[in-house]
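Q: One line per chain: the protein sequences are V and W, in this order.
To convert, count from 1 in the first sequence and add 27; that's my numbering.
To convert, count from 1 in the second sequence and add 27; that's my numbering.
It should be emphasised that the hints constitute simulated quantities derived from the structure, not laboratory data.
There's no promise every hint is true.
Chain copies aren't distinguished; within one or between two, either way the pair holds.
Said to hold, decoys possible - Distance condition first, Cα-Cα at most 20 Å in a straight line; then the derived EDC-like pairs of lysine to aspartate or glutamate:
no. : residue 1 : residue 2
1   : K187      : E251
2   : K335      : E70
3   : K224      : D186
4   : K346      : D174
5   : K335      : D239
6   : K52       : E30
7   : K48       : E30
8   : K335      : E44
9   : K309      : E294
10  : K250      : E311
11  : K357      : E326
12  : K302      : D167
13  : K335      : D174
14  : K100      : D142
Keep in mind the model is a prediction, meaning the values are calculated, not measured.
Protein chains: 2
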Amino acid sequence: MFEIGIVQRTSKTPFHESIVKAGVKGFTVYNHTLLPTYFESPEADYWYLINNVSMWDVSCERQVEIMGPDAFKLVTLMTPRNISKCKVGQGKYVPIVDENGGMINDPILLRLGNDHFWLSIADTDVLLWAKGLALGYGLDVTICNPDVSPMAIQGPNADKVCAKLLGEWIYNLKFFWFREYDLDGIPLIVQRSGWSKQGGLELYLRDGSQGDRLWQMVEEAGKEFDIKPGSPSTIERIENGLLSYGSDMTIENNPFEVGLGEYCDLEQEADFIGKVALQRIKAEGITQKMVGVVLPDVEIKGISSWCKLTDQTGEDAGKITSLTYSPRLKKTIAFAIVPMAYTTIDTQLVAQMPEGDVVAIVQEVPFV
Amino acid sequence: MFEIGIVQRTSKTPFHESIVKAGVKGFTVYNHTLLPTYFESPEADYWYLINNVSMWDVSCERQVEIMGPDAFKLVTLMTPRNISKCKVGQGKYVPIVDENGGMINDPILLRLGNDHFWLSIADTDVLLWAKGLALGYGLDVTICNPDVSPMAIQGPNADKVCAKLLGEWIYNLKFFWFREYDLDGIPLIVQRSGWSKQGGLELYLRDGSQGDRLWQMVEEAGKEFDIKPGSPSTIERIENGLLSYGSDMTIENNPFEVGLGEYCDLEQEADFIGKVALQRIKAEGITQKMVGVVLPDVEIKGISSWCKLTDQTGEDAGKITSLTYSPRLKKTIAFAIVPMAYTTIDTQLVAQMPEGDVVAIVQEVPFV
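Okay, chain V solo, but in the shape it has when bound (with noise of 0.2 Å):
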């Protein structure tokens, strides 16, 4: 076990205080940001959210705020999926890729107003790509790093928690939509949204000033539903599929390989970035696919890993990009990368761990 080193590059976050007082015990950094990593344990805090309810500071989930009269221009440049009907009030998951179809990002768009968008952005700086191009294609634009912090409130739950805390009609927000709301003075964005497959909304504290009240209010009104802290739980994650950017895709992957195709659409009228390269890499087709691996044979507990792959003769297969045991499953499972020859069902890969070489058997994702 390794401390981790706090200084003010890594961000506390507007609920710290209130993350330590509820027993928070480790950290990562993301976007700058601390993200807990778990309270009780890794899996403790899993079972409260596939069981019940639990609440997250994920202020790290940072807001790139784009806004001005050729904010909509920008936004459409930088994703391959088509946002032309995407209307004020609703949110859209768009994979953002550079000139070679390379992914940079897989942030949630919001559109708060005509000319004005957030990306709620995985771990990476999309807030100087974004003034990047703004600047070199001349873009009337404003971007910055507003003072936005998410909660997301997850798990089967969560709604009856959110109903409490703001009212019924929260039942009526559909997927990624959202609106704006002011809970007894603290300024809301009410997102239907969370890093989970559990349900449940997040709450996104548009005053940092705020973070420990609105910690308590949540508390408050979860108490009579046994709330806990818990944050993004990487054995949820990755039983249901749901990627971690930096880990299962990097600059080096494209849309298509990592399961992400659906969300671009090369017929579209517009030009974005990488548009041809994708065009080409979709009439080559794919080298490489993400799948999902079981491990029959070990079991790791808690905190996930990462390995090279070959095959049964030695040859390179790929690696692994993200490991859990899963407690549900009863087994080991992941996430792979791997050569075509290699994505068929039942597939028998040998994983090299740092135990020692272990069979990995290829499955379908989500693994529940």
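Use these hints to put chain W onto chain V, whose structure you have.
A: Chain W alone, transformed into the frame defined by chain V:
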């Protein structure tokens, strides 16, 4: 004490096995990469650096490689520093600013060839900034994050270790100059550099598979000098006035207010991003400035912290950005950004520490 969660997104370095074997106790994340924070203790590590020699895994200093016919044009555009006379084999400290003059990063530029540059970066994705600019401005360059992992050898005996390992020629390397070197099949760039004021070199490893071998060779060469594993020391760098991007400056700060005005040539012929903004800021004068402060009444051990400042009447007087106890000076010292009214030496302010209000007295930097 909080645990750090390690996943593939927060990359292990080519030296990872070696530093674990050497007894690393903590990490932070810097440029998506694990950076060791201490081995024996922050203070013990500091004394080895001050008195002798230590070896650091600073792979987190990622390189942004810019190559191609327009490489020089792009690099010139990116920094207010006049680099028109930068020679092949030379390095320079180059602030990078946006169109408003806001600090984006403060890397070391290395000119490896006429059309071949590295930016050895602090903790933001300069890769995305450079790529966005290149695309928008239509520049003919290729930009990537190459397989390069720096290791630093720092301290008064660093040169002796490096001379033994690499040869006497290292004594002739001028500050920030570098040369290519093949160390028994390990491809290196060797530069007089390093994030301390204790002197020494950085070895840029150009083949990640050789990390543990290089570590061992440095360890072996350093044995007779009693070399110790270490990492950039918060204590030493604050004592000596070395700023840390993300803590001591952000995109909200211009170079003039954080003491980097000398690196901005506003008279140069070349156009660079932020030129007009910096000319305006210089003409109007800055409104706040980086200063040193001493906190005579508190003794913070080891880890740094930060907080708000007020004047004696309770008026806002800026903030402390980095803070440490100096074992040499036997007092707590810090960097602060304060409004111009409070920049005079010996001005007495109030630091709102978590433990309560304490006296903070403005001092000159460096402290030693």
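Q: Could you figure out if K309 and E294 sit no more than 20 Å apart (CA to CA) within one copy, between two copies, both or neither?
A: So K309 and E294 pass the 20 Å test inside one copy only (12 Å; across, 49 Å).
Q: Is the C-alpha distance from K335 to D174 at most 20 Å within one copy, between copies, in both cases, or in neither?
A: between (40 Å within a copy, 18 Å between copies)
Q: Within, between, both or neither: how does the pair K187, E251 come out at a Cα-Cα threshold of 20 Å?
A: Within one copy, since 10 Å is at most 20 Å while 67 Å is not.
Q: With identical chains, the pair K224 and D186 could be close in the same copy or across copies; at 20 Å between alpha carbons, which is it: within, between, both, or neither?
A: within (13 Å within a copy, 55 Å between copies)
Q: Evaluate K52 and E30 at a C-alpha cut-off of 20 Å and name the case that applies: within, between, both or neither.
A: both (10 Å within a copy, 6 Å between copies)
Q: Evaluate K335 and E44 at a C-alpha cut-off of 20 Å and name the case that applies: within, between, both or neither.
A: between (40 Å within a copy, 16 Å between copies)
Q: Check K302 against D167 for me: Cα-Cα at most 20 Å, and say if that holds within a copy, between copies, both or neither.
A: between (23 Å within a copy, 19 Å between copies)
Q: For K250 vs E311, is the C-alpha pair at or below 20 Å within one copy, between two copies, both, or neither?
A: neither (55 Å within a copy, 55 Å between copies)
Q: For K48 vs E30, is the C-alpha pair at or below 20 Å within one copy, between two copies, both, or neither?
A: both (19 Å within a copy, 16 Å between copies)
Q: I want to check one pair: K335 and E70. Are their C-alpha atoms no more than 20 Å apart within a copy, between two copies, both, or neither?
A: Answer is neither: 26 Å inside a copy and 38 Å across each miss the 20 Å cutoff.
Q: Check K335 against D239 for me: Cα-Cα at most 20 Å, and say if that holds within a copy, between copies, both or neither.
A: between (43 Å within a copy, 18 Å between copies)
Q: Between K346 and D174, at a C-alpha cutoff of 20 Å, which is it: within one copy, between copies, both, or neither?
A: Classified as between: cross-chain Cα gap 18 Å, same-chain 38 Å, threshold 20 Å.
Hint violations for this structure: numbers 2 and 10, all remaining hints satisfied.
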